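Asks: Sequence:
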Amino acid sequence: MGRRLSKGVFRVKEKDGPPALSFTIAPRRSIITIPMSNPYSIFDKAERKRSLSRFLEAIPLYLEARRLSGIDDELKSACYFSLGDTYRMVGEFTRAGKCYAESRKLLLALGDEERALDAMVGLALSLRATGEVKESRNTQQGAQGL
Numbered sequence: 176m177g178r179r180l181s182k183g184v185f186r187v188k189e190k191d192g193p194p195a196l197s198f199t200i201a202p203r204r205s206i207i208t209i210p211m212s213n214p215y216s217i218f219d220k221a222e223r224k225r226s227l228s229r230f231l232e233a234i235p236l237y238l239e240a241r242r243l244s245g246i247d248d249e250l251k252s253a254c255y256f257s258l259g260d261t262y263r264m265v266g267e268f269t270r271a272g273k274c275y276a277e278s279r280k281l282l283l284a285l286g287d288e289e290r291a292l293d294a295m296v297g298l299a300l301s302l303r304a305t306g307e308v309k310e311s312r313n314t315q316q317g318a319q320g321l
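For what it's worth, our numbering labels the leading residue of the sequence shown as 176, then goes sequentially.
Treat each hint with caution, since some may be false.
[What the hints assert, rightly or not] Straight-line C-alpha distance at most 27 Å; calculated DSS-like pairs for lysine-lysine:
| hint | residue 1 | residue 2 |
| --- | --- | --- |
| 1 | 280 | 224 |
| 2 | 273 | 224 |
| 3 | 273 | 220 |
| 4 | 220 | 280 |
Calculated directly from the structure, the hints in this document are not laboratory data. Keep in mind that this is a model prediction, so the values were computed, not measured.
Whole structure, please, built from the sequences with the hints as guidance.
Replies: Shown next as structure tokens:
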């Protein structure tokens with residue numbers, strides 16, 4: 176089957192494919208395989224890294240989840256937003272601003288104005304950190320108009 180990682184969890188390698196995790200829901204009844212190329216599991220792993228303040232480890236995971244998100248604009252917007260937060264935490268304010276702007280664009284297209292407002296706040300904070308105070312104020316005023 177594969178190498179046992181913990182009770183009920185094994186790491187397996189699919190034929191000519193990426194590694195996957197397999198685990199049993201109920202002993203000896205069913206097996207679920209989640210490919211490691213699953214963008215949702217990669218995003219969740221990135222979120223765990225970020226929650227532990229392991230920002231530099233989270234960034235490549237968010238980038239990979241975004242790359243694999245395909246046409247799922249909701250996941251893509253979450254990746255951009257979380258990347259913005261993470262870049263801001265490591266002082267990459269220009270990159271953070273670009274991520275927040277992209278997240279806002281996707282969220283508005285999805286009709287999620289509340290989360291788009293959060294992205295605008297992140298964008299304003301990033302602009303302020305780069306010294307673009309006037310642009311930051313304009314963004315904040317635009318956010319208040321929503």
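Asks: Could you run down the list of hints and mark each one as holding or not?
Replies: Hint check:
1. 280 - 224: holds, 26 Å
2. 273 - 224: With a Cα-Cα distance of about 22 Å, the restraint between residue 273 and residue 224 holds, given a limit of 27 Å.
3. 273 - 220: The hint holds at about 23 Å.
4. 220 - 280: Within the cut-off at roughly 25 Å; holds.
Violated hints for the displayed structure: none, as all numbered hints are satisfied.
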